[in-house]
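Chain order of the listed sequences is A and B. At position 259 of the first sequence the residue is numbered 359 (this note's numbering), and the sequence of numbers has no breaks. At position 3 of the second sequence the residue is numbered 1443 (this note's numbering), and the sequence of numbers has no breaks.
Please keep in mind that the hints were generated in silico from the structure rather than gathered at the bench. Cβ coordinates follow ideal geometry from the N, Cα and C atoms, glycine included. Any given hint could be a false lead.
Unchecked claim - Per the computed footprint, the stretches of chain B lying under chain A, defined by three or more beta-carbons under 8 Å from a beta-carbon of chain A, are:
1) 1548-1561
2) 1564-1570
To be verified - Residues of chain B placed beyond 10 Å of chain A at every Cβ, according to the derived structure:
3) T1442
4) G1459
5) L1488
6) V1526
7) P1577
8) I1592
9) L1617
10) A1618
11) A1636
12) P1653
13) G1654
14) G1657
What the hints assert, rightly or not - Some, not all, of what chain A presents toward chain B, calculated at C-beta under 7 Å:
15) M151
16) R175
17) T199
Below are the chains, spelled out letter by letter.
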Amino acid sequence: MITFEQVTKRYADGTVAVSDLSLEAPTGRITVFVGPSGCGKTTSLRMINRMIDASSGRILIDDRDVRGVDPAELRRGIGYVIQQAGLFPHRRVLDNIATVPYLLGWDKRRARDRAAELMELVGLDAGLASRYPFQLSGGQQQRVGVARALAADPPILLMDEPFSAVDPVVRASLQDELLRLQEELHKTIVFVTHDIDEAIKLGDSIAVLRVGGRLAQLASPAELLARPADDFVAGFLGRDRGIRSLSFVPARSVRLRPVTTVSLSADVDEARRTARDAGEDWLLAVGDDGTPRGWVSPLDLPRAGTLAETPLLAFGSYDRDADSLRAALDAALLSPTGHAVALDGDGAIAGVATQRALSEALAEAAALTAPPPRPVSPGLRPDASGAHRDGEHAGGVREAPPGSMGDGREASRG
Amino acid sequence: MTWFWEFVSDPANWSGPSGIPARLLEHLTYSGVSLLLAAAIALPLGLLIGHTGRGGIVALVAANAARALPTLGLLVLVILLIGYGVAPVLIPLVVLAIPPILVNTYAGLRGVDADLRDAARGMGLRGPQVLFRVSIPVALPLILLGLRLAAIQVVSTATVAAFVGLGGLGRFIVDGLATKQYPSTAGGAVLVALLALLVQGIFTVLQRVIVSPGVSGRVPVGKAG
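Throw the hints in and build the complete structure from the sequences for me.
Here it is as structure tokens:
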């Protein structure tokens, strides 16, 4: 665990970069420092490995004051990843990764074996081992940077905007990779970013800092989205945080109803008959493998032919077990029917979520995540009575604070 | 060219203490010793100010001022002060060689990406380890450039030794002019020029051997090196 105790960094010219910061970064978790530029997030990170020394206060790693440790020794026990990777251009990839093992006096063979192991771990092709950094893409360089930080298996990893210099697609894959690695390695990670979406995706807890290095809020992503401490945090989170908070609610809670399906090879008369017998306005056309292909409205079918020859209406689907309520809602919005097709883990149709079922799930989510009624700025004032009524619908949710989730409130009554 | 040919084809020019081999050896000795002394002063100084970033301006101003000193004038001045000998010849050559080494070593180190040095420190490298394991290998092309410029200037300028009665290839030029034996003058001049080209060639090879391909980019992008 990394503990900040009333840490302040004041420069000689009087600038205060970090002001009276107290927080804990728990062992085995990802703690994200996020905030606008000038909020002292990088300074705070760099005080952990003593790249910068605090002016006052203490930083403890597992109850040991970092000021009591020789900086170079301290840093060899802490992985460090920076924005442009900072790879040594004159060394091959393998030797870059083995930097800290070499410093620790490992013999060359062992250090290189370890480096090769790490290349595999971070998803780098073994053929890249003898390349120089300039021969790699930005994403590959950043993977080497992560591998290098992990080489001596430090318990702590400091990451200073490591993914901000790569394009969005590569960034997303690096983020996924980091989460996968973390599931395996359980490092204590402190991650600095200015990108709130990255913070929400990666963080177990998020420290939002405001300019001048003051802690505005320390909370889990779901908590942060649901209950921003003040207008600054709410503003930094952006407008659609109600919708975004649904990413943290599993879609499993959405009640499903059966759907009447019809094979793509059926002809239009058969489709009309099926719809009439079932009393349905919509049929879900499925392929031979049972996967959904699109919605069919019996009223709009041509006179003859098979469904395979008719244009189908768009549908949206989600994974009942793995996806969030946000994905389910998104799937519903993609279909003209307003229904989201729920799939099980094998991709088979588990049923459909109607708008009514989604509303109920949203109401539950609101009860789970909403702030208790309290005075906030006018734009954020919750409709306490309405939300309370919604909260009562929430089966199985006990002692959930009554309230509302802002933007989500509208949908919950739909 | 005919004068040069006349000069090198004369067997008398190839033997004895005033033959080409002996003069060449003298020339190389003056040049080599001057270059070593200059490097011994300018390299550590350049590394120190480049690494710490302190005192850079003072050293650069001094180096540029030294560049403006005419070597021959300085030579005469030194001889007036301390008399004839080898040392008075070496001093102006060392003064000539220091600025390019100092300036390029300093520039090379300052040009090392701050993020790179930051990463090195963050990995747990100590100050001297950052310098020797990261900064110098990365700055090596410029450091070598400084040494090469200094070496070429010293080799070309070591001819001044002849003006004060010492040896070296300058003898052929000075004596040739004095006795109106132009083949000797031309021969000496061409030999000095060839020597400078040779120095250039040696440094080109050195650069290829000791600069990492990762720094010089001497391997194709996207291919294993």
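Hint check:
1. 1548-1561: holds (count 7)
2. 1564-1570: holds (count 4)
3. T1442: 50 Å, holds
4. G1459: 45 Å, holds
5. L1488: L1488/B is indeed farther than 10 Å from all Cβ atoms of chain A, at 20 Å.
6. V1526: 40 Å, holds
7. P1577: 4 Å, violated
8. I1592: Given a closest Cβ separation of 26 Å, the condition holds.
9. L1617: For L1617/B, whose nearest Cβ neighbour in chain A is about 49 Å away, the distance exceeds 10 Å, so it holds.
10. A1618: About 52 Å separates A1618/B from the closest Cβ of chain A, which puts it past 10 Å; holds.
11. A1636: 29 Å, holds
12. P1653: 6 Å, violated
13. G1654: Given a closest Cβ separation of 3 Å, the condition is violated.
14. G1657: At about 6 Å from chain A, G1657/B fails to clear the 10 Å cut-off, so the statement is violated.
15. M151: 6 Å, holds
16. R175: At 4 Å from the nearest chain B Cβ, R175/A passes the 7 Å test, so the hint holds.
17. T199: 5 Å, holds
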